[in-house]
Structures are given as C-alpha cells and as structure tokens.
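A.B. asks: For reference, the chains in residue letters:
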Amino acid sequence: MTGPTRREMLLLGATAMIPTAAFAQETPQRGGVLTVHFATEQRILNPSLQASTGVYIVGGKIQEALVDLDAQGQPIGVLAESWESAPDGKTHTFHLRRGVTWHDGKPFTSTDVAFTAMEMWKKILNYGTTLQQFLTEVQTPDPHTAVFKYEKPMPQGLLLRALPDLGYVSPKHVYESGDIRQNPANTAPVGTGPFKFVTYERGQHVIADRNPNYWRNGMPYLDRVVWRVIGDRAAAAAQMEAGQILFSPYSSLTIADMQRLGRDPRFEATTRGNEGNVRTNTLEFNFRNPILADIRVRKALAHALNVPFFIENFLGPFAKPGTGPIPSVSTDYYPTEPMPQYGYDVAQANRLLDEAGHRRGAGGVRFNLRLNPAPWGEDIALWSTFIQQSLQQVGVRVEIVRLDAAGFLRTVYNDWNFDLATGWHQYRSDPAVSTTVWYRSGSPRGAPWTNQWGWKDDRIDGIIDAAATEVDPVKRKALYADFVRAAQTELPLWMPIEQIFVSVFNKRIRNAGNNPRWASSSWHDTWLAS
Amino acid sequence: MTARLTVQGLTIRLPQGADRENAIEDVSLTLNAGEILCVVGESGSGKSVTASAAMGLLAPGLSITAGALDLCGEDLRNVTPDQWRGIRGRRIAMVFQEPMTALNPLMTVGAQLEEMWRVHLGLDTAEARRRALAALTEVKLPDPEGALRAYPHELSGGQRQRVMIAMALALEPEVLICDEPTTALDVTTQAQVLALIKDLQVRHGTAVMFITHDFGVVAEIADRVAVMRLGQVVEEGSAQAVLTTPQHDYTKALLRAVPALAAPVPRTLSDERVLEVRGLTKTYASRGVFRRRRPVRALDDVSVSVRRGATLAVVGESGSGKSTLARVVVGLLGADGGQVTIGGAPLPTQRRAAARLVQMVFQDPYASLNPRRRVGAQVAQGPIAAGTPARQAMTEARELFCMVGLDGDAVDRYPHEFSGGQRQRIGIARALAMKPQVLVADEPVSALDVSVQAQVLALLRELQQRLDLSILFITHDLRVAAQLCDEVAVMRNGVVEESGPIGAVFAAPRSDYTRSLIAAIPGKALFGA
Amino acid sequence: MKVLTLALRRLAASLPTLLLIIAGMFLLLQLAPGDTVDALMAQMGGGDPALAADLRRFYGLDVGVAAQLGRYMMRLITLDLGFSAIYGKPVATVILERLPPTILLMASAQSFAFFFGLVLGVLAARRVNRWPDTLISTLGLIFYATPSFWFGLMAIVVFSVYLQWFPPGGFSDITQSLTGLAAVLDIAKHLVLPTLTLGLIFLAIYLRIMRASMLEVLSLDFVRTARAKGLSETRVVARHVLRNAMLPMVTLIGLQAGTMLGGSVVVESVFALPGLGRLAYESVVQRDLNTLLGIVFVSAILVIVINFLVDILYARLDPRITAGS
Amino acid sequence: MRAARAYLRSPAAVIGTVILLAVVVMGVGADWFYPGDPLGLAGRPLQWPGQNPRFSLGTDSSGRDIAAQIFHGARVSLLIGFVATSIAVVIGIAIGAVAGFYGGATDTVLMRVTEAFQTLPNFILLLVLVAVFGSTIETVTIAIGIVSWPPVARLTRAEFLSLRTRDFVQACRVQGLSDVHLILREVLPNALPPVIVYASVVMAVAILLESALAFLELSDPNVPSWGNLIGLGRNVLRTEWYVSAIPGVAILLTILGVSLVGQGLNDALNPRLARAR
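Chains as they are written, first to last, in my numbering: chain A, 1 to 530; chain B, 1 to 529; chain C, 1 to 325; chain D, 1 to 277.
This is chain A alone, in the form it adopts within the complex (with noise of 0.2 Å):
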C-alpha cells in the first residue's frame, strides 16, 4: 500500500465516525436497570482523582465535569454553562449552571470548582497535574463565577478539549477536612450527576440508582445503573450472551468474542461512541543499545513488520495502520499533508541492516533483541509474538520478557532494561495532555509512558514546547504537523496501528454511542427498549 492512498481512505474513516445522531425518533421509555461489564475493579471512583476509562465508567454517571463533548465531538457546557478567554490564554472565566444540587442535598457553587481545581486536579488527578500546572489560582467572584488564572498562556482549545476527562467537580463539603486520598467519598462518591450512587461490593458490583433531583429535568430514563465486577474476558462474553450484562465498554471482552457477538443479531460491537477514546500500538526503542540507536535499525524493523497482514488476520475489523503519534481522529490536530511511513518490504529491511553493518551471522541471525511488552490487552500479546516472528525473517532474533504490570513500567521506564518495548499509546484529546511527553526530553527517570528512550532532539523539544503555549488554534495545528513529521523521521518510538476502543451493545441499549466518549459520559439520555 503507498502512502497518499492509505492516508486518503484514513481520512475518510475519520469523517465517517463521528458520529450523526442518525437515530430514528423513538420515545424514550423511562425505567429498566441497565447493567455493564466492570472489566477491572478500581481503588476509588471519584473521576477528580483518577483519570482513567475504569473510573470513567462509574464515576461519570454519579459526578460531572464543567464540559463534555456533543455528538460532533465539540465541546458543550455540563456543569459549566459558557466560558470565555482573555486574549493573552491566561485567564479563563466559566460560568457555572444554577440550581443544581449536590446527591446530597446541598448547592452546588463555585466554591467546589476552585477546591477541586486546586485541590485535586492540580495535586493528585494523573494528567491533571501536568495539565494545570501553571494554574495559580481560581477566583470566584460570585457562587457562580469561577476565573481560572495561569502562569504561563493556556490555549483554550487545549484547556476544553481536556475538561471533559479532567475537569470533574467533586463537592467541597465533602473532601474539605482530612486526608483526600482517605475519604470514604473516594469509593462512594457524591456528585450532581444522573445517578447517585449506592454500594461497591468489592469483586462483585456496583449500584447507583436514578437521581429523582437532576438538573435535566425528566431525566435520566434509566432507573438503576449495575457495573458487575467480571474479570475473566471470556466469563463476561457469556454474559453478554445471557443477557446478564447489556453492555460491556472498552475492548473489554476478547477480539474473538467481539468479532461474534458483532456476527449475532442481537448485538452490536461498534468502535461508535469511543471516537474521544482511541489509542495507537508502539514499538519503544531503546537508545542506549548502540543497535537500535542507527536509524537505518530503526527503519528497517519498521519495514520488516507487516502490519496490514497482522491487522487483518489478528485484530479484525476494529484497527486500522496508524501514521504517526496524533491519530486519525484527532480533527483537530490529524496532519493533512503525507508524512513519512514506512511499508511493508522486507528486502529494504534486509538491505537497511546489511548498510548498517549487522550481517547474518550463524543461523542467519544478525543480532539478538529483548522486547518487552506491557501486560495489559490481548493485542500487545499478539503484537508481540507477530513482532518475533516477523523479525526473525530479517534475522533478528527476539526474546520476550514478560512482565506484570509494575514490573513492566519499573523494567522499562526507570530502569531502562530493554531493547524493544511495546504497549498502548492513549490519546486523549490533545497531543499535548497524553502524547508529546512520549518525545519531548527531559522526564524524570521513572515516570512512566514518557521519553525513556535515551534519546533527544532540540528541534522536537522547541516544537512540544511552542505548541503547548501557543493560543492560536492554526499556528497550533501547524506546529504539530512539523512535529508529527520530525517524529515520524527520526522514529524514535513507532505508533503503526491505531485502535479505537470497542464497545459491546445489547441492541436494547437507546441513545447509545451517541458521543464521542459516550462509556464515560453520564447517560442521561439513554434508556432501554423493552
């Protein structure tokens, strides 16, 4: 495949799934339990504290942020009903939506935003953290006003495009005294959303049950919410099946279960309604293996792995090549012009290695590498084992380590003992939230998914650094081109396949998908066909 004409149909993919709200008008009906596939249990539910899809789940039903996003993937007000910016990026106003109460009983204010900006965001939520960090204050004028003042310029396009994962509101009342990291609220949280929360049965469930005093009013449809907790991939397609659960969001059920229950009538396996999740495999390269720092190395392992082949056979209909480190559906910031790929052809690889001086050796083995792969998803599994097989071909012989979780991250990111390394690069929202860290210089030894490689670029560095100040929305986009193309070049890291995340549906399911981050929206909308 040549690169424009794979990047023309990637662009069509990209219009095509944002979602149209092309649903026919039904009249919701109001009552039912809907109950979800709980994939991995969490040590807190309150999405102020933790950003991640396994928080989202729960807690973006019971809780809500200033913004979320509408079906066209633009922001829309939730908590926040307008904003506006001063023109410098440093200064955001948010007005905030009057009469909503907390489960609870008590206001809602601007008081609570300000705590949790400060409090929260800024300490303790992950990305948070490097989101605000030049967050110096957040005034509030009035019980409804919330003035949020930086440091340094925060373009608003970058500081929206986050909000719906990263600014949750969590009641002030509640967290004021004591430890934060110790409330109780931390598992049983209190917030303004749709449902209130009920109980957490550790490896069982979780309850939450119809706010009666919600700000929409006549909504939600649904009267109960159910997460069961099921581990085991295989025991919650036969679920699904039994009709125990009715939705299981995420990529959570295996790629085979997936590609059936998408064959069976009575089920949709859809990427539709995670447009907002979506993440890229990676081959991590090590710099300080002299091998891997030639770029002809680089270049020919990228060549020698056919990724269209493994895409077709391995993960089906949910995955598609990536081109480089912002995805496709990133609108606002997917490069439009082509950017350096590198296909499938093994004699290239062969002939790039020859160059670089490793010949086959005995056995025809050039040279050994370990890769490790991070222990989460069935895909990198298959990843992996695809990346051995195929490396061996241009005699290159591949050792997997294989890790838990922990020792994954300290192995590779602290510890820096790896030749090749692969897992998931998540996008979220903005390339400079979840992905420049991946290649900008100058991370802490340990800190995990961010430039470990040993390997820095002051041009790159310049480019990150610009872009994640820069307030105008068409300079900004034109930096990330120039740093996609840098990255893409130098390849030190590789992101060739992109996967949106996979949602299971019973069909019963209504107003389903209807967002782009519709399994961690609030559902307020949905509600189940009898």
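Everything labelled a hint here was simulated from the structure, so no lab data went into it.
Incorrect hints may have been included.
In silico DSSO-like cross-links for lysine-lysine, where the CA-CA straight-line distance does not exceed 30 Å [said to hold, decoys possible]: (1) A/123 with C/89; (2) A/122 with A/475; (3) A/106 with C/89; (4) A/122 with C/89; (5) A/172 with A/149; (6) A/90 with A/152; (7) A/507 with C/189; (8) A/172 with A/152; (9) A/106 with A/123; (10) A/172 with A/106; (11) A/477 with A/149; (12) A/152 with A/456; (13) C/89 with A/172; (14) A/477 with A/320; (15) A/456 with A/122.
Derived, one-sided and incomplete: chain D residues facing chain B with beta-carbon distance under 10 Å [unchecked claim]: (16) 166; (17) 167; (18) 168; (19) 169; (20) 170; (21) 171; (22) 176; (23) 177; (24) 179; (25) 181; (26) 185; (27) 186; (28) 189; (29) 190.
Backbone N, C-alpha and C define an ideal beta-carbon position, used for all residues, glycine too.
On the provided structure of chain A, position chains B, C and D as indicated by the hints.
C.D. replies: Just chains B, C and D now, kept in the frame of chain A:
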C-alpha cells in the same frame, strides 16, 4: 470322648513362587471335647495355617486341595460364607497371638465384646452389656466395669489377652483355637493366662486347640500333643508320652534344645572386673506440646559389673530397664547420672574410641543388618573406620565368618540370602571384628526358633572360651540365662532387685520377685532339673 | 476450657512459623521489580513523577526496608493489617469481603472430594483387582492428571456454552436481587462447576489414599478378629475397617489445606469468583504488599485453624491420641 | 533384578512407561518431526484441525502450528518437570535427612521452616517468586523446585526418623562410624525408595504448576509450552475450543504416564502397600 473337630488328610496349597508347594500336607488331627490339644512346631511348620483353615479364614492365595474338615460331624468344606458367619465366634472361636493388635483400637472393649451377643443372638444393648460384664469378671480382669469403657490401648497386654479370651468364650463355643496366645506376654503374665485358659476349659468343657512353639507351655497345659514340621504332623500322642518318650528324631531334637533351668557348674571367675557400672540413672521424659511430661525412670541407681572372661546375665521383664542399661553401656544412650568404666577407665564419649572397648549384638537379626549392603562390608567397615587397611579388614572378616560357622565366601552376599540364625552369627562376627573388651548381647536369641537358639548359645559359649570374652547378656528368659551365664542380675522397674552367682540366685532367691519369675517358668516340672 | 487452651497453645506453637512467613514474604517482595505505586500508575493510565513521589510518601514506601518491616510488624501486633494501596481500604476489610467465596468454595470442594473419595475408595478396595476397582482406579488417575484450569475451561464449554446448565462464572446473579432460599440456590448453582474443578484432584488423592488405607486396614489383626467373631463382611467394613481407614484421610485434609488454597487461585481465576485466591493473584501483580501480607497472614491462620480442627477431629476418631493428656 | 521384573509385571507400569516413552520421543524428535521454529508464523490463525492438511491439529490465534507446539512442548514440559523435581528432591532430601537424623533443635528449626513453606499456599509463593524473579524458563523451573520440596523433606525426615533407630544403624554407631557414613551409606539408601516414588508425584505436580502459571500468562512466552497454548486458547475458548483442548489432553496423558510409572515403581520398590505420603 466325642470328637469335636476332625482334620482328615488336609492339604493346603501355597501360592506360586513360595518356598514350597504346600503349606500343610496330609495333616490329620482330632480334637476331642474337654481336652487341650497342643500343636507344636517351629516357624514355617504350618501350625497356624491349620488353625486358619479350621476357622475358614485362610489367607488369600491359599487353597484347600485335599482332605476334610469337620465340626461335630458337619463338613466345613462346603459351608457357604453366610453359614460360616454363624459358625465362627459361635461354635469355633479363636484367640490370637498379638494382643496389642488383635483388638480394634478405635472401639471400646465393651463395644467389641458386646458385638458377640448382639450379632449372634440379637440381644439388646443392656443385656449384652450385662453379659459382657459377667464375661470380663470371669476372666478375672481387675476392674471389669472400667474395662468395658476402656479402649484397648488403655489395657496391658495380659489384660487384652483376657479380653480376647472372654470374647472367644462369650457364646460357649464347642471349639476354641488359641494361636500362640502367650508368646508376646511376659513370663509371669504368661503363667496367669495359661492358668486361666486351663481353668475355663475345665469349667466349660471346651475343646481347645493350642498352638505354640514352646515346649515349656506344652508341658504346662497339654492333654495331647501334635508335633508339626514343614507342613506335616510328625508325631502325635498324649502329652506325657510325647514329652517323656518322644519317638520322632525331630521331636527329640526339639526337646533337647529346650534349655534346662539348672545352673551350670560354677567356674572360677577372675577377680578383675572389666566392666563396672556404678549408680547409673536414666529418666525418659515424654516430650511434646500437647502431652504433659510424665517422666519414666528407666534406670534407678543401677550398679552391676562383669568379670573378665565371664558372663553377667541381666534378667527382667519388659519395662525393667535392661535394654536401656545395654544401650547406655555401649554409649548409644547417655545416662543422667552414674558411671560406666571399662578396663578401669570411663567409657569414652567419642564414638570411635568407645568402639574398640565395647561392642553389641542386637536382638532382631532381621533389623540389625543393612539390607542394601554386602554383609562382609558391614563387618569390615568398623575396623576400616578405625584405621585398619581395607584389604586386611576384609581378610579378617572372612576369618571371622569362618569362626562363627559361616562360609568365608559368604562375605559377598546380601543379608536376605541368610536365615535368621546365620544373620545372628554375622552380627556376632561384626561385634568381634572390633576386638572389644566387653560384648553386650541384647536378647540375642529371643527372636530365634528353639533349635537355632541352642546353636547360637553354643557358639557364644565356644567363642567366650576361645577369645576370653567378657559378656553382658541381656535376656527375659531365665532358662537362656542359665545356659550361658556365670552371674545374674535381676531387674525390675529400673532397679536391680538381686544379683549374684547364677547358681546361688536360682537355688535360693532372696527377692520375692525373683522367686515369682522362677515360679512362672512354664514346664518347670518337666525341664526343671 | 481444654479445647480453648489447646487452641491457644497450638497458635503459640505456630507463631514462629507465622513470623517467618510474614518476614520472608516481606523481604522477598522487596526484590520485585516495581512497587505498588508503579502498579497504581499503570491502573491510572499515567501520571507524572511528582505524583508518584507523593504517593510513595503516602504509602510509606519512602523509608528503608528495615523500617517498613518494623512498622509492619508493630502494627501486626495490634492485629492491624494496614491499608491497601490498590483497593483504598483497610486490608482487613478487603480480605473479609473476599473470604466468604473462598471458604465456601474450599468447604464444598473439600466435602465433595472427601465424600466421593471415601465412597469410591471403599468400593475399589472391596472389589480389589476386579473391574470396579480397575475402573475407579483408572478414573482416579485420570482425575489426578487433569489440569484443573483446563477441566474448568472445558466444563464451561460443555456445561455453560453448549448445555447451558450452569452459569460460566461469578458468585451470584446480581441482576436479580434474590433473598433467602433463592439466593442460596443461586450461589449453589454458581459453585457447582468451581467445586468440581477444584475438588477433582483432591478427589483423586483421597480415593487413592482411601483405597490403600482400606487394603492396609483389611490386612490388620483386628479385622481377622472381627471376622473370627462371625461378623458379616459389611459389618466388618462398616464398624471396624472404615473408621480406622479414614484416619490417614483425615490427616490429609490438614496437609492439603494450603495446596487447596493455592489451587483456588487458578479456579477463581477461571470462574471469575471474587475470592481470596484471586485477590492474592491481583495483589501480587499490583505489588499491593499490605494486602498480600494480609492474605498470607490470613491464609496461614486458615491453614493453622484447619489443621487444629483436623487434630480435634482426629482425636475424636482415635482414642489413642487424647488431646490434652 | 527382582524389582525390575516386578515392575514389568505390573500393567500400570507398562502402560505408563509406554505413554511416557511416547512423550519423550515426541520431545526428543520434535526437531525432526517439526523442524523450524514452532513459535513462528505458520499460516492463517485459528484454522480448525483437519481444515488445512498442513496443520493436522490446526493453528492457534497467533497463526502457529499447534502440532509443532505440542511436540516441542513435550520437551519443555518434561525438562521443567525433571529439573524442578531434581531440585525439589535434592533440597528435600538434604533438609529431611539432617532434620530426621539429628532430631532435637536442628529438627525443630528445619521443620519450622518446612512448616512455614507448607502453611503458605505453594501456588501463591510461586506467583510471588515469578513476579519477583521474572518468568524465564530457568526462573520458573527453579521456582517450582523451590515450592515443591517440603513434602519431600517431610517424607525423608519420617523415613530417617524411623530408620535412624533401627538396629543396623545403631550397630554402625557402635562400630564407631561417622555420621556422614551413617547418613549417606546406611540410612539414605534405605530411605530412598519411597522418596523416588514420591518424586513421580512431584514431577506431575511440577508439570501442572508450570501449565497453571502459563495459563495465568506468567510463564516464559519464548518457549512452546502446553500451558501457554491453553492460556492463549482461553481467549477463543467459546469458538475455537480445540486450541485449549489439545494441549490439555497432552498434559493429561503425560501426567497419567508419570503417575502410572510412579505407581509401578511403588509396587516394585515397596512391596507393602505404601501410603502416598
């Protein structure tokens, strides 16, 4: 006299691969009402198989190939398993050799006894209990009520054997078979149990088949005697006739081998005391988290000595501390107090040094040799460890083998190729290989058949003379002691009751206990002088 | 109370063992790559180093190993198992939530294995070397050779996917809030396959031991006595042989307790049961030291308690072992 | 050799030997039957057995030939079983022998350690060991050996306890022989038969433990292990159940072979009905 049990030409085949074809061959016996028939023989004579056949309890693999068995005229060969159940226990009962294992350890004595009436007569609990109590009273158990509630392990061996007898006689069977019922008992207990059996037999008029290897017991109890050898009856007749005028050579040999109780002619003994034990004390404390410590005094201020070239017998019943004494003397056990001196010097604590001074011959010839090593190596290894060159040690081992009456080439064989008597000879050779000053023999002949016993005793006597051995001889059997020993010490509960020249002690025992021991020896009347 | 003092004494005797396990485990886990904060970061999906340092301080991971061990032991004296990093709750609470399914599973698997092991063992011994014995013994060998997780998976394929007799996993059906008998039946239904899966290998072991033990007891003197008494074969077996032959099996319960707890890790994983074994696996992977040590502590206590109960049972069965004197 | 003849007379032993030999032949001849890397991409993933004549047992979800993995896996399983068992038996005998022979305080200390190992569920310890030291085939094998020795130690100790007071050992003491001689020459050879028989149990358990680890995705992914294949097949269990079923049968047969050989050895070496533990 009516015949209660007749065995006619009975032949029982052994399974393939056994050392001979038939366990018993053409055996004919008659057991009459009101008499005790003793079936005597050494191990392997087929006496127990005969008894099992009469009970219909042949071991799997054995089968009757010829002959007849009948009980009061009823043919026992064609009896169905169901009918056997009505006969066993009710018409033929049996008392076994091992009182320690013949009772179910998990059931009370009462329950096991009551089972007889409940199963055979269908009596209710209360009535069965009443009868059980009466039965236990009849066998003279000290506390019959307590015994009913007791578990077997709470009773002594003699008491258990009384329970077995009570159980066997519960339903007044026509025939009682006793298979070596006193062999495992101490001599005084044995005397009491024999008296009990005799007494009950007379009172109930039961026909008793009494199986034993001990002619002393035969002399005590038998009305008639049948002698068996290798599966055949070689001689049968009244007790008087067989014991006094045996016809068959085998019977004669057996009777000759029974040691006489008469003390040997006193020898002049050396004044040098090569082994001296002074004030030896040893206490066993039972250990464990769950058990209270209940110390047992095994040796209580024991003092004995052995003269050079002489033999001291230490005689006692089980639990008297005689074996503990032997083990302390050879250094296998440490004493709590007192002293052991050999040749004037205290027994060295170092194993290698002690080995040159004192050696031991063990009781069980089957357990005292390593089954996985050649016997020659086991004899020679001691001298080799002590520094003798291997070649020389092996040559000496061959010589020792010849000296104890074995073929010198036997050194290359493994223990299982030898009989019990031969193994005991090897054990003696092993002890002598170290050229010790003192030889401790711990019941060296009690596991052997009577004829073999006599040979081994003769060997020891001969070796003593040849090598001027000083022997500490531990035994429970006064008759054996009388064969070999110059002096005797009688022990009871860890205390030396009496000691002195053997003739003097036998002729005029000073302690009551010694007297009762002598009185209890079976067959005194016959073999006493 | 004799039993109580006995229990306390037994516990005191196991104390060094317990300390040895806890300290050994603690030190062993220090050698593991990555700590609980690394695992937390993985669960969160990202975060910066300042946050990580802050969390390490919060969970007391910023001091030396000896100091951490010391702190842990001091707390353990007051029976405080500490706070779980991953679960955000006191360890004691986390474990108590997970204990019931495991205990239920172990108890049912143990009963299943013991009962059928006993029955089949007796049947085999009664017909020794004839076809029922051959059949039962062969079956026992096959059960023994079956990897439990594989059996579980295949049972799911057959009984849940194709026949749909039993649910493929989980501990109870929470979509319907059942109460009373219905809830009990529901849990029972969920436990059938896990019980079979976990119990199978133990069934095979018990069967083998029971058969051997029966044959051995049948050859003992007192059985000959019982036969000589004219008892029927059934009565001989039921009254005299069975109880004696059961003793080695009873001993085995205690010996197998630890193994069974280990086996439940795999079975709970196959059937998605929210139990202790699964929790142990998770806390190893998550480097949740406090939880893991808590589990080790609780499972050691569990094993000790089971062994204690077995001892009492043994003492009741066998009058020769009089507990107490 | 009486024992050898007794062994060959037992049908169980003969069947077990045949099965085990077949597995050994599979393992040894794997390179001949299925040359090339068994983990290499062989064809389209998830082809059913018989669907493609090239793959008699089908392909797994990574497109690898299942038959090749079964053959090469035989080698891995046997090797892990054998090495882990050797480690367990050596440690177990050493500790059991010293504890049983000397008794007293030595025994108490060693048995406390053994008890600690037994009180801790062995699989949990195995998980921890693998999490700590990584999951290469070497560490997995050693870890399995380390968690498997306590029963061997207890068995050896029990044998030593009963043998050390036997007369023939006492006789050697009286002869002035050293403890080393007593332990190695006198007691150990007599204590060994039940331990050898028990080693078959250890080996069976070792193979099962490795496959359970692999099932939890904690074993070495670079070797073609049966457990790895079962674990992999779990993801496609509901549709392509053969991926898990085939290696399961292979494990079952191997364990069966090992157990039968163990039973045969038991009958041959311990003519009395020896208890399994």
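A.B. asks: Does each hint hold? Answer for all of them.
C.D. replies: Right, here's what the structure says about each hint:
Distance restraint check for residue 123 of chain A and residue 89 of chain C: the Cα-Cα separation of roughly 21 Å lies within the 30 Å cut-off, and the hinted pair is therefore satisfied. For the hint pairing residue 122 of chain A with residue 475 of chain A, the CA-to-CA distance comes to about 27 Å; that is within 30 Å, so the pair holds. Pair hint residue 106 of chain A plus residue 89 of chain C holds up; C-alpha atoms about 27 Å apart against a cutoff of 30 Å. A hinted pair counts as satisfied when its Cα atoms are at most 30 Å apart, and residue 122 of chain A with residue 89 of chain C qualifies at roughly 24 Å.
A hinted pair counts as satisfied when its Cα atoms are at most 30 Å apart, and residue 172 of chain A with residue 149 of chain A qualifies at roughly 20 Å. Restraint check for residue 90 of chain A and residue 152 of chain A: the C-alpha separation of about 6 Å stays at or below 30 Å, so the hint holds. Under the criterion of a C-alpha separation no larger than 30 Å, the hint pairing residue 507 of chain A with residue 189 of chain C is consistent with the structure, at around 28 Å. In summary, the hint linking residue 172 of chain A to residue 152 of chain A is supported, as the alpha carbons are separated by about 27 Å, within the 30 Å threshold.
Restraint check for residue 106 of chain A and residue 123 of chain A: the C-alpha separation of about 25 Å stays at or below 30 Å, so the hint holds. Under the criterion of a C-alpha separation no larger than 30 Å, the hint pairing residue 172 of chain A with residue 106 of chain A is consistent with the structure, at around 10 Å. At most 30 Å may separate the alpha-carbon atoms for a hinted pair to count; residue 477 of chain A and residue 149 of chain A meet this at roughly 24 Å. For the hint pairing residue 152 of chain A with residue 456 of chain A, the CA-to-CA distance comes to about 24 Å; that is within 30 Å, so the pair holds.
Proposed proximity of residue 89 of chain C and residue 172 of chain A is supported: the alpha carbons are some 22 Å apart, at most 30 Å. At roughly 23 Å between alpha-carbon atoms, residue 477 of chain A and residue 320 of chain A fall within 30 Å of each other, so this suggested pair holds. A threshold of 30 Å between alpha carbons decides the hint, and for residue 456 of chain A with residue 122 of chain A the separation of about 28 Å falls inside it, so the pair holds. The beta carbon of residue 166 of chain D is positioned within 10 Å of a beta carbon in chain B (closest approach about 6 Å), and the interface hint is therefore held.
Hint status for residue 167 of chain D: holds, given a least beta-carbon distance of 4 Å to chain B, under 10 Å. The beta carbon of residue 168 of chain D is positioned within 10 Å of a beta carbon in chain B (closest approach about 5 Å), and the interface hint is therefore held. Evaluation of the residue 169 of chain D hint against chain B yields a held restraint, the C-beta minimum of about 8 Å falling below 10 Å. Given the 10 Å rule on beta carbons, the hint for residue 170 of chain D holds: about 6 Å separates it from the nearest Cβ of chain B.
For residue 171 of chain D, the interface hint holds, the least distance from its beta-carbon to any beta-carbon of chain B being 5 Å, beneath 10 Å. Satisfaction of the interface hint for residue 176 of chain D is found here, the shortest Cβ-Cβ separation to chain B being roughly 3 Å, below the 10 Å cut-off. Hint status for residue 177 of chain D relative to chain B: holds, with the closest Cβ pair at about 5 Å, below 10 Å. A distance limit of 10 Å between C-beta atoms decides the matter here; for residue 179 of chain D the minimum to chain B is near 9 Å, and the interface restraint holds.
Taking 10 Å as the C-beta cut-off, the interface hint given for residue 181 of chain D holds, the closest approach to chain B being about 7 Å. Against a cut-off of 10 Å between C-beta atoms, the interface hint on residue 185 of chain D holds, since the closest Cβ of chain B lies about 7 Å away. Annotation: residue 186 of chain D was flagged as interfacial toward chain B, and the flag holds, the nearest CB pair being 6 Å apart, inside 10 Å. A distance limit of 10 Å between C-beta atoms decides the matter here; for residue 189 of chain D the minimum to chain B is near 5 Å, and the interface restraint holds.
Restraint check, residue 190 of chain D versus chain B: the minimum CB separation of about 6 Å is within 10 Å; hint holds.
Hint compliance for this structure: every hint is met.
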